[in-house]
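A.B. asks: What follows is the residue order along each chain.
There are 2 protein chains.
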Amino acid sequence: MNGLDRIRLVSLRDKVMSAEQAIELIQDGAVVGLSGFGGAGEAKTVPLVLAEHAKQHPLKITLATGASLGNKIDGRLNEAHAIVRRYPYQADPGLRKAINAGEVMYIDQHLSEMADNIRHHNLPRINVAVIAATAITEDGQIIPTGSCGNSANFVEMADHVIIEIDNTIHPILEGVHDIYVPKARPNRAPIPLIHAGDRIGTVGIQVSPEKISAIVLNDLPDTSFNMDEPDQDTLAIAKHLIQFFEAEVAAGHLPQNLGPLQSGVGSIANAVFSGFEHSNFHHLEMYSEVLQDCTFDLIDSGKMTFASGCSMTLSDSCAQRVMQNFEQYKDKIVLRPQEISNNPEIIRRLGIIAINTALEFDIYGNVNSTHVSGTKMMNGIGGSGDFTRHAHIAIFVSKSVAKGGAISSVVPMVSHTDHTEHDIDVLVTENGLADLRGLAPRERARKIIDLCAHPDYRDELNDYFERACQRGGQTPHLLEEALSWHAKFEETGNMHKTA
Amino acid sequence: MNGLDRIRLVSLRDKVMSAEQAIELIQDGAVVGLSGFGGAGEAKTVPLVLAEHAKQHPLKITLATGASLGNKIDGRLNEAHAIVRRYPYQADPGLRKAINAGEVMYIDQHLSEMADNIRHHNLPRINVAVIAATAITEDGQIIPTGSCGNSANFVEMADHVIIEIDNTIHPILEGVHDIYVPKARPNRAPIPLIHAGDRIGTVGIQVSPEKISAIVLNDLPDTSFNMDEPDQDTLAIAKHLIQFFEAEVAAGHLPQNLGPLQSGVGSIANAVFSGFEHSNFHHLEMYSEVLQDCTFDLIDSGKMTFASGCSMTLSDSCAQRVMQNFEQYKDKIVLRPQEISNNPEIIRRLGIIAINTALEFDIYGNVNSTHVSGTKMMNGIGGSGDFTRHAHIAIFVSKSVAKGGAISSVVPMVSHTDHTEHDIDVLVTENGLADLRGLAPRERARKIIDLCAHPDYRDELNDYFERACQRGGQTPHLLEEALSWHAKFEETGNMHKTA
Chain A
0 MNGLDRIRLV SLRDKVMSAE QAIELIQDGA VVGLSGFGGA GEAKTVPLVL AEHAKQHPLK
60 ITLATGASLG NKIDGRLNEA HAIVRRYPYQ ADPGLRKAIN AGEVMYIDQH LSEMADNIRH
120 HNLPRINVAV IAATAITEDG QIIPTGSCGN SANFVEMADH VIIEIDNTIH PILEGVHDIY
180 VPKARPNRAP IPLIHAGDRI GTVGIQVSPE KISAIVLNDL PDTSFNMDEP DQDTLAIAKH
240 LIQFFEAEVA AGHLPQNLGP LQSGVGSIAN AVFSGFEHSN FHHLEMYSEV LQDCTFDLID
300 SGKMTFASGC SMTLSDSCAQ RVMQNFEQYK DKIVLRPQEI SNNPEIIRRL GIIAINTALE
360 FDIYGNVNST HVSGTKMMNG IGGSGDFTRH AHIAIFVSKS VAKGGAISSV VPMVSHTDHT
420 EHDIDVLVTE NGLADLRGLA PRERARKIID LCAHPDYRDE LNDYFERACQ RGGQTPHLLE
480 EALSWHAKFE ETGNMHKTA
Chain B
0 MNGLDRIRLV SLRDKVMSAE QAIELIQDGA VVGLSGFGGA GEAKTVPLVL AEHAKQHPLK
60 ITLATGASLG NKIDGRLNEA HAIVRRYPYQ ADPGLRKAIN AGEVMYIDQH LSEMADNIRH
120 HNLPRINVAV IAATAITEDG QIIPTGSCGN SANFVEMADH VIIEIDNTIH PILEGVHDIY
180 VPKARPNRAP IPLIHAGDRI GTVGIQVSPE KISAIVLNDL PDTSFNMDEP DQDTLAIAKH
240 LIQFFEAEVA AGHLPQNLGP LQSGVGSIAN AVFSGFEHSN FHHLEMYSEV LQDCTFDLID
300 SGKMTFASGC SMTLSDSCAQ RVMQNFEQYK DKIVLRPQEI SNNPEIIRRL GIIAINTALE
360 FDIYGNVNST HVSGTKMMNG IGGSGDFTRH AHIAIFVSKS VAKGGAISSV VPMVSHTDHT
420 EHDIDVLVTE NGLADLRGLA PRERARKIID LCAHPDYRDE LNDYFERACQ RGGQTPHLLE
480 EALSWHAKFE ETGNMHKTA
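Residue numbers (numbering that gives the first Met the number 0), protein chains in the order written: chain A, 0 to 498; chain B, 0 to 498.
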């Protein structure tokens, strides 16, 4: 059977069974912990078979993961009405709809916190962990695939473990993971990571063999992710950022290589990182969540010396290139559990520059990352809060308008707050960059309106701000009008007063 | 001269001068770093003489501190129009007025972050540090007084250091401080603190003697802080909390001593901690910012074995009791720099239970700690964000109504967000306790309205929530109405619809 040779602890080969048999371990009401982060490294066959099964034999599970899943697994399980509760992150259109309809209870969480929340009883124990593996080593370690996510924690905290041996993953990936699991409190030691490239753990997940209840063989590949090409706006954002970094280095305020970089997922972040290609920066390092195509482009061009992440979310062509030449990347990348990749302790220690994408921000620098019109969940906060709060410089980027100008991304008051002005250092749109460090709210407003807002909305924002200032306050607002832009958009499809 | 003997590095005695001479070091436009945290341990003579001087010879300084100052120093400097910019926290009525009028630029910051912000150029360098000292040791270490604050960082990062030898401080305090200063990045090591009681630093602040430009002798004592006696509501809040803790311990979800506790400053927190007096908990520990009277009451009654803080903010009678019997407290308390007392790395490692006071919270569990009616600054975020984000269990307490019922502390949407629902685990009012862990926003709303809101506002909150749910969303809201309670209060002095 294809894949049996990947189970190198031979005694475990007896546990190989079909997915149909394995899902009998998953009872109605179970809390299931699935591998997968950033659409990579999820177990596939077991949850997809479970979804099919649930169509005939209704069951409801609480689904915990690393973060978002590939292969439309959230969507398929949701179509079968099999998800009653979901955390800590998702990005599936169908599940999103069910969440916003109140049909699925979604607990949107800082990605770094979930492991401790389970370990220390803020969230229920995991009944069944389903973990994708490249291989099981001679000594029984589980080698993850394209992501580490919460897999090590799920294995540790689960009653039953199902392993999915992923035959589509190149075996050469073994060795890229660095699995470190903090001890339960009290007596927890510091995490001994001092540089982005440090290895502090083991190559695989430690588990006692008797905890493994089933092994399933999988032949479905990870999903391919293609990024939009940079456009005029995202290139402008990248240019503003590079200029800012150059000035900070020139002033002696940042090291020559800027320090470790974190980037959110998506097209804007991808464009920003592509901007480094044509910059004068060298010896760049990443300490981030998701390694995208742009990471490997920067490594190939010699600009980046090391990248630490939690997952690799690549296009097909990039994945092929990386796997075919993996020997040359092997000492330049590492994948870590999200409890380590996103850990506040490490983020503050290293002094990371964090670049994330905002849905909208307000004139005082509060950021909405999640809720469209303050109510409808887009995806979730993900790791943006983990990085933003603890970064050396916390940056959010956004295009200044959306829907052809009908929506201003710069508003009087955000309709939902994920990141408060306390945490935000720099805001960037295609129009410009507002460096907010050391400024009070009224000063922030002037800069954000002048430098970031779209020219078509600048007068209306200034008008709001000036009338608010007449009423006074540290953070002047007209409460009866603060959210009127959003209400207007909901009503008319346009935020403009005059629309 | 009284106090000279406290300067045990004899060569420094030549630097003693009058405050009038010392303030010549403080130029117009200077960034001044003052010791002081929680109204304790501030330098007094130098800033008060500066305030008097500024009345005749106008000057404007940027004033950085640990946190709030005693002896009305913020107020006096503000009366002299000497403060142009202020961070990271203040609690003076006069300065508050100037801040809300937009006359003083106030940068309200997480207390743990300021040192790194200065060290790594997010905030300007300190020109002159003015630091209260109990003594200067034979080897030139500065022994702080009633707080550590940012003093060690200011000394490290200042061009000039002025020491104020505080003759009012009992010399026996020497030894209670534990000064640890993280190295600048890169190559910063983990902070080696594993238990609340660990000592990881030195008893005083290291400084090279030539950096000390002046020494001034001070005879003004620290301010005395008297707490309100617990009332019916704060006692009810304490009772709900103790019951919650008992149930968590019984379920095996918390250790017998709960783990290290943090408490915000103020009467409610004081009442809650007094509640432990009559509880069955033993071997309690604190890892907090401000040690108040209640800390020492718990130590005296044998309930608390250790308390780590950044300052001691005591009533006169408690201060007297503590100083007269200091030998018996000496191995039970430690004062640390705020970069360590409030450090995310430590807070998450230790698994702290954080209890802070909310100004208001909304039906989804977002918390406003700072802004009255969303605009006017009360004091500042202080350390509440440092602890809340990283706590094992993050708790906010509040009375359910204010101003005789005209204000509901539970509102449809907070008028300002300091802590997002992602960070909040438990909310408590005199009416009850809402355990929000593992719940989605719609579930949180039901619990918060039923358990925390005042009965007089429950119907109106339910009505809002139900109508919002009809529109859908992960976090249902009626944007045109979400802030109407606050707007109504501003207009009529009452939040009630029917008022």
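If you're looking for bench data, these hints aren't it; they were derived computationally from the structure. All of these numbers come straight from a predicted model, not from anything done at the bench. Mixed in with the good hints there might be a few duds.
For each label pair, taking beta carbons as the anchor points, the in silico distance ranges come out as [claimed, not checked]:
| hint | chain 1 | residue 1 | chain 2 | residue 2 | range |
| --- | --- | --- | --- | --- | --- |
| 1 | A | G403 | B | E465 | 45 to 53 Å |
| 2 | B | N461 | A | E245 | 38 to 46 Å |
| 3 | B | N324 | A | P254 | 30 to 38 Å |
In the DSS-like style, the derived pairs of lysine-lysine whose C-alpha atoms are separated by at most 27 Å in a straight line are [as the list claims (entries may be wrong)]:
| hint | chain 1 | residue 1 | chain 2 | residue 2 |
| --- | --- | --- | --- | --- |
| 4 | A | K96 | A | K14 |
| 5 | B | K96 | B | K398 |
| 6 | B | K496 | A | K446 |
| 7 | A | K96 | A | K59 |
| 8 | B | K402 | B | K446 |
| 9 | B | K446 | B | K487 |
| 10 | B | K59 | B | K96 |
| 11 | A | K331 | A | K14 |
| 12 | A | K331 | A | K402 |
| 13 | B | K96 | A | K446 |
| 14 | A | K182 | B | K182 |
| 15 | B | K496 | B | K446 |
| 16 | B | K398 | B | K446 |
| 17 | A | K302 | A | K331 |
| 18 | B | K398 | A | K496 |
| 19 | B | K238 | B | K402 |
| 20 | A | K59 | A | K302 |
| 21 | B | K210 | B | K59 |
| 22 | A | K96 | B | K446 |
| 23 | B | K331 | A | K59 |
| 24 | A | K375 | B | K446 |
| 25 | A | K375 | A | K487 |
| 26 | B | K182 | B | K210 |
| 27 | A | K487 | B | K487 |
| 28 | A | K446 | B | K210 |
| 29 | B | K238 | B | K96 |
| 30 | A | K375 | A | K331 |
| 31 | B | K210 | B | K14 |
| 32 | B | K238 | A | K487 |
| 33 | B | K446 | B | K96 |
We put the beta carbon where it would ideally sit given N, CA and C, even for glycine.
A.B. asks: Each hint needs a verdict: does it hold in this structure or not?
C.D. replies: Hint-by-hint comparison with the structure:
1. A/G403 <-> B/E465: 45 to 53 Å: Violated, since A/G403 and B/E465 (Cβ atoms, about 35 Å apart) do not stay within the stated range.
2. B/N461 <-> A/E245: 38 to 46 Å: violated, 55 Å
3. B/N324 <-> A/P254: 30 to 38 Å: violated, 51 Å
4. A/K96 <-> A/K14: This hinted pair is violated, its Cα atoms lying about 38 Å apart.
5. B/K96 <-> B/K398: Within the cut-off at roughly 25 Å; holds.
6. B/K496 <-> A/K446: At roughly 38 Å apart (the allowed maximum being 27 Å), A/K446 and B/K496 break the hint.
7. A/K96 <-> A/K59: Holds, at roughly 17 Å.
8. B/K402 <-> B/K446: With a Cα-Cα distance of about 24 Å, the restraint between B/K402 and B/K446 holds, given a limit of 27 Å.
9. B/K446 <-> B/K487: With Cα atoms ~25 Å apart, B/K446 and B/K487 stay inside 27 Å; holds.
10. B/K59 <-> B/K96: holds, 17 Å
11. A/K331 <-> A/K14: violated, 35 Å
12. A/K331 <-> A/K402: This hinted pair is violated, its Cα atoms lying about 40 Å apart.
13. B/K96 <-> A/K446: holds, 24 Å
14. A/K182 <-> B/K182: Judged against 27 Å, a Cα distance of about 25 Å means the pair holds.
15. B/K496 <-> B/K446: Roughly 22 Å separates the two Cα atoms, so the pair holds.
16. B/K398 <-> B/K446: holds, 16 Å
17. A/K302 <-> A/K331: Roughly 12 Å separates the two Cα atoms, so the pair holds.
18. B/K398 <-> A/K496: violated, 39 Å
19. B/K238 <-> B/K402: holds, 23 Å
20. A/K59 <-> A/K302: violated, 48 Å
21. B/K210 <-> B/K59: Satisfied, since the Cα-Cα distance of roughly 24 Å is no more than 27 Å.
22. A/K96 <-> B/K446: Holds: A/K96 and B/K446 sit about 24 Å apart, inside 27 Å.
23. B/K331 <-> A/K59: violated, 51 Å
24. A/K375 <-> B/K446: holds, 21 Å
25. A/K375 <-> A/K487: holds, 16 Å
26. B/K182 <-> B/K210: Roughly 19 Å between the alpha carbons, so the hint for B/K182 and B/K210 holds.
27. A/K487 <-> B/K487: holds, 21 Å
28. A/K446 <-> B/K210: violated, 37 Å
29. B/K238 <-> B/K96: violated, 36 Å
30. A/K375 <-> A/K331: It is violated: about 39 Å lies between the C-alpha atoms, which goes past 27 Å.
31. B/K210 <-> B/K14: At roughly 11 Å apart (the allowed maximum being 27 Å), B/K14 and B/K210 satisfy the hint.
32. B/K238 <-> A/K487: violated, 46 Å
33. B/K446 <-> B/K96: violated, 37 Å
Of the numbered hints listed earlier, those contradicted by the structure are 1, 2, 3, 4, 6, 11, 12, 18, 20, 23, 28, 29, 30, 32, 33.
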